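Protein chains in written order, with the working numbering: chain C, 2 to 437; chain A, 2 to 437.
Don't read these hints as lab results, they were simulated from the structure.
You can take every hint at face value.
Which bits of chain A does chain C cover? Going by a derived footprint, with three or more residues having C-beta under 8 Å, they are:
| id | segment |
| --- | --- |
| 1 | 32-40 |
| 2 | 145-157 |
| 3 | 264-278 |
| 4 | 288-300 |
| 5 | 313-320 |
Residues on chain C that point at chain A, a partial pick, calculated with CB under 10 Å:
| id | residue |
| --- | --- |
| 6 | Ile-22 |
| 7 | Gly-136 |
| 8 | Arg-151 |
| 9 | Asp-279 |
| 10 | Ala-284 |
| 11 | Val-287 |
| 12 | Ala-313 |
| 13 | Leu-315 |
Since the model is a prediction, treat every value here as computed from it, not as a measurement.
Glycine included, each C-beta is placed from N, C-alpha and C at the ideal position.
2 protein chains.
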Amino acid sequence: MQAINIGILGLGTVGAGTATILQRNADEISRRLGCRLVVKVASVQDRNKARDCDCSGFEITENPHQVVSDPDVDIVVETIGGETLAKQLMLEAIANGKHIATANKALIALHGEEIFAAARDAGVAVYYEAAVAGGISIIKSLREGLAGNRVSLVAGIINGTGNFILSEMRDKGRTFADVLSEAQQLGYAEADPTFDVEGIDAAHKLTILASIAFGIPLQFDNVYTEGIGALSLTDVGYAEELGYRIKHLGIARVDERGVELRVHPTLIPQRRLIANVDGVMNAVLVKGDAVGNTLHYGAGAGAEPTGSAVVADLVDIARNIVANDAARIPAIAFQADQVKQLEIKPRGQFECAYYLRVEVNDVAGVMSQLSKVFAEREISLEAITQKEPAPGATAVSVIFITQRTQEEKIDSAIGDVETMSDVRGKVTRIRVEHLN
Amino acid sequence: MQAINIGILGLGTVGAGTATILQRNADEISRRLGCRLVVKVASVQDRNKARDCDCSGFEITENPHQVVSDPDVDIVVETIGGETLAKQLMLEAIANGKHIATANKALIALHGEEIFAAARDAGVAVYYEAAVAGGISIIKSLREGLAGNRVSLVAGIINGTGNFILSEMRDKGRTFADVLSEAQQLGYAEADPTFDVEGIDAAHKLTILASIAFGIPLQFDNVYTEGIGALSLTDVGYAEELGYRIKHLGIARVDERGVELRVHPTLIPQRRLIANVDGVMNAVLVKGDAVGNTLHYGAGAGAEPTGSAVVADLVDIARNIVANDAARIPAIAFQADQVKQLEIKPRGQFECAYYLRVEVNDVAGVMSQLSKVFAEREISLEAITQKEPAPGATAVSVIFITQRTQEEKIDSAIGDVETMSDVRGKVTRIRVEHLN
Numbered sequence: 002m003q004a005i006n007i008g009i010l011g012l013g014t015v016g017a018g019t020a021t022i023l024q025r026n027a028d029e030i031s032r033r034l035g036c037r038l039v040v041k042v043a044s045v046q047d048r049n050k051a052r053d054c055d056c057s058g059f060e061i062t063e064n065p066h067q068v069v070s071d072p073d074v075d076i077v078v079e080t081i082g083g084e085t086l087a088k089q090l091m092l093e094a095i096a097n098g099k100h101i102a103t104a105n106k107a108l109i110a111l112h113g114e115e116i117f118a119a120a121r122d123a124g125v126a127v128y129y130e131a132a133v134a135g136g137i138s139i140i141k142s143l144r145e146g147l148a149g150n151r152v153s154l155v156a157g158i159i160n161g162t163g164n165f166i167l168s169e170m171r172d173k174g175r176t177f178a179d180v181l182s183e184a185q186q187l188g189y190a191e192a193d194p195t196f197d198v199e200g201i202d203a204a205h206k207l208t209i210l211a212s213i214a215f216g217i218p219l220q221f222d223n224v225y226t227e228g229i230g231a232l233s234l235t236d237v238g239y240a241e242e243l244g245y246r247i248k249h250l251g252i253a254r255v256d257e258r259g260v261e262l263r264v265h266p267t268l269i270p271q272r273r274l275i276a277n278v279d280g281v282m283n284a285v286l287v288k289g290d291a292v293g294n295t296l297h298y299g300a301g302a303g304a305e306p307t308g309s310a311v312v313a314d315l316v317d318i319a320r321n322i323v324a325n326d327a328a329r330i331p332a333i334a335f336q337a338d339q340v341k342q343l344e345i346k347p348r349g350q351f352e353c354a355y356y357l358r359v360e361v362n363d364v365a366g367v368m369s370q371l372s373k374v375f376a377e378r379e380i381s382l383e384a385i386t387q388k389e390p391a392p393g394a395t396a397v398s399v400i401f402i403t404q405r406t407q408e409e410k411i412d413s414a415i416g417d418v419e420t421m422s423d424v425r426g427k428v429t430r431i432r433v434e435h436l437n
Numbered sequence: 002m003q004a005i006n007i008g009i010l011g012l013g014t015v016g017a018g019t020a021t022i023l024q025r026n027a028d029e030i031s032r033r034l035g036c037r038l039v040v041k042v043a044s045v046q047d048r049n050k051a052r053d054c055d056c057s058g059f060e061i062t063e064n065p066h067q068v069v070s071d072p073d074v075d076i077v078v079e080t081i082g083g084e085t086l087a088k089q090l091m092l093e094a095i096a097n098g099k100h101i102a103t104a105n106k107a108l109i110a111l112h113g114e115e116i117f118a119a120a121r122d123a124g125v126a127v128y129y130e131a132a133v134a135g136g137i138s139i140i141k142s143l144r145e146g147l148a149g150n151r152v153s154l155v156a157g158i159i160n161g162t163g164n165f166i167l168s169e170m171r172d173k174g175r176t177f178a179d180v181l182s183e184a185q186q187l188g189y190a191e192a193d194p195t196f197d198v199e200g201i202d203a204a205h206k207l208t209i210l211a212s213i214a215f216g217i218p219l220q221f222d223n224v225y226t227e228g229i230g231a232l233s234l235t236d237v238g239y240a241e242e243l244g245y246r247i248k249h250l251g252i253a254r255v256d257e258r259g260v261e262l263r264v265h266p267t268l269i270p271q272r273r274l275i276a277n278v279d280g281v282m283n284a285v286l287v288k289g290d291a292v293g294n295t296l297h298y299g300a301g302a303g304a305e306p307t308g309s310a311v312v313a314d315l316v317d318i319a320r321n322i323v324a325n326d327a328a329r330i331p332a333i334a335f336q337a338d339q340v341k342q343l344e345i346k347p348r349g350q351f352e353c354a355y356y357l358r359v360e361v362n363d364v365a366g367v368m369s370q371l372s373k374v375f376a377e378r379e380i381s382l383e384a385i386t387q388k389e390p391a392p393g394a395t396a397v398s399v400i401f402i403t404q405r406t407q408e409e410k411i412d413s414a415i416g417d418v419e420t421m422s423d424v425r426g427k428v429t430r431i432r433v434e435h436l437n
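Take these sequences, add in the hints, and give me the full structure.
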């Protein structure tokens with residue numbers, strides 16, 4: 002039986018998970034593939050460190066350049082992360098005629114165009130299923146399974162750490178800081194949690210999803226990003242009372258006027274499936290003109306779920322090698338010369354519904370002043386709720402949920418509200434998506 | 002730009018939906034594919050009947066043999082349904098070197114092996130994404146996206162009509178017969194609803210899913226099937242009270258002792274996502290050893306959702322044509338000579354938890370007699386609830402939810418319970434799956 006040789010860059014979480022699956026499921030994979038996927042060599046930073054996989058069947062090197070230049074290696078798995086060395090190694094591997102499977106979302110989001118162009122020139126494939134939403138085959142679904150559709154919306158819970166934090170806040174009434182600290186101890190969150198909680202990781206992934214959904218260039222810089230660090234338990238609780246749940250969503254939506262690329266905390270009606278995706282799980286909702294709404298749910302991170310995506314790519318690439326057809330599916334789903342830029346909507350032109358919480362003095366006439374602000378801008382309200390003041394307090398919370406409207410109208414309304422003499426402090430704004 | 006010509010057998014719901022998508026999204030599809038998919042000819046039973054698609058761009062014939070023998074046709078879309086003529090036409094098309102995309106679940110479930118063998122001999126591809134779960138690309142996910150996994154469980158809501166009926170019963174307290182009659186008026190259910198409500202349609206689909214998940218032959222005759230016609234509102238309500246929801250599931254599960262293939266009404270804890278899949282929507286849960294649980298959700302029927310799956314297959318096949326590689330993905334995911342039969346577990350060896358409702362005379366000592374029946378067989382109980390008798394009634398309902406156990410133990414327990422003098426009538430049994 003033909004063997005296809007794999008070289009792995011990095012045996013951290015994902016690299017070790019990939020090696021484990023390839024070894025444990027070697028026979029099952031060969032049954033599907035008709036040839037064998039064999040790990041030949043892997044590079045590590047320190048060969049004396051303990052590993053989460055059995056390394057007895059392949060060579061270990063501390064020189065990653067050896068992996069990408071090994072003449073026996075057919076496919077390179079890149080799981081070292083980061084942008085600098087990873088990019089250099091990937092381009093080296095491509096120049097040497099190796100195919101690539103990578104889990105590196107930052108690298109694809111920021112340098113994908115350059116890498117894909119090099120791969121086309123060299124006649125090799127770069128696959129990256131593992132870069133978005135771990136074990137969920139959302140790249141494949143968008144590139145292939147939904148290829149007959151004009152996609153208008155991709156909305157996802159695509160950062161497991163952030164979703165874990167929000168789930169814990171809601172379920173257990175714990176504060177953001179408290180849960181984050183636990184997540185770091187459990188190893189869900191990095192020591193520097195910036196990428197997760199500020200939405201940068203989600204924005205990398207959204208960049209990729211939007212590109213393959215709409216056939217637009219990769220453009221991380223155009224993603225509007227808000228993190229979850231400012232979310233209070235107060236708002237989490239009020240959202241619940243109103244029948245919503247708060248999730249940190251990445252949303253890419255297109256209409257005839259352009260595309261919205263955004264990552265921010267979002268209220269979702271509790272009855273939607275995606276509102277019930279808890280803990281470190283991920284889910285991506287895709288709306289196509291033919292298929293309607295589909296939801297793709299699974300583990301968004303972890304050694305073997307992510308390794309599962311890497312191995313699926315290896316199987317696809319191996320099928321291409323056997324068939325001598327590396328270019329069967331274009332790297333970002335559309336033909337390279339058909340990738341077209343669209344207008345990028347600025348934040349003011351986003352359209353959502355909005356949850357607004359205003360702290361006001363408990364005096365007559367305030368509600369009517371507030372309502373007037375919305376009416377003047379033709380912002381319709383879905384709900385208004387006034388919470389009773391705490392004992393001894395003189396301020397009350399007023400919560401508005403608006404109908405869908407343009408964000409610049411909301412900006413303007415908030416501006417006026419915050420100058421009112423009976424309003425205390427800043428207005429809290431959270432976007433609401435009904436996802437239908 | 003290269004054109005690939007499509008011939009469509011049948012312009013009913015799915016055929017018309019496919020034609021509509023191919024025409025409306027022609028440019029978007031070409032952007033993805035790099036060539037054009039052109040409908041050249043379609044066959045219909047009566048050329049004078051009104052159509053749900055624009056037929057001005059292609060030839061219409063009342064002779065389906067013309068479609069499968071047209072030398073210009075590259076791919077035949079089979080959407081006429083049924084087993085006899087559809088099979089004959091498909092084999093004719095294959096003999097003529099045409100590739101096939103079909104939505105015909107019964108044909109694949111019952112005659113797939115013969116059709117796939119003919120296709121291998123002729124060097125053409127037979128794709129059937131549309132045969133299972135409409136617009137959800139579950140075939141692709143199992144054949145490709147999860148190719149690195151050893152799959153142990155596939156469990157799905159794979160019949161939209163049945164799920165619509167169950168959702169209405171729960172939400173609105175309507176009887177089975179009442180909802181079925183409405184579903185027929187709405188066109189969700191056929192005039193003869195047997196295939197849907199008795200679970201035959203779901204069993205066809207489960208046959209296909211199990212084959213590609215486990216690499217076993219297609220085997221409809223080995224699927225244990227129970228319909229939803231006997232479900233009462235009483236049980237729907239009690240399930241709710243206990244924190245469960247009743248769904249009509251197709252379940253294929255494998256362990257070292259064999260494979261279970263079954264379709265039956267099933268209680269699922271309300272917090273599971275799949276318990277919240279309502280109306281005509283479908284969802285399939287897949288458990289793989291590497292990826293864990295994934296859920297695949299979308300519209301399970303309808304012209305364009307199903308057409309979306311047909312078009313995805315056309316795109317895949319067209320990529321194969323351009324690359325001259327029809328056999329890139331084996332028809333049932335595993336290589337033909339690697340398909341292996343496993344032991345088929347008889348019903349007595351199924352393992353579930355069970356919901357049992359027993360009507361008993363309201364007299365002392367009955368509960369202890371009932372409990373003894375379970376204890377003797379080492380069947381553990383998760384919950385026991387006794388409902389108050391209706392005013393003036395002398396019988397009360399006792400509801401048991403058991404822990405997981407073998408079905409033959411439950412059969413035996415029910416046998417004993419039904420002979421007890423204070424037990425009235427038959428015991429109601431519904432299986433419970435926690436799907437974890």
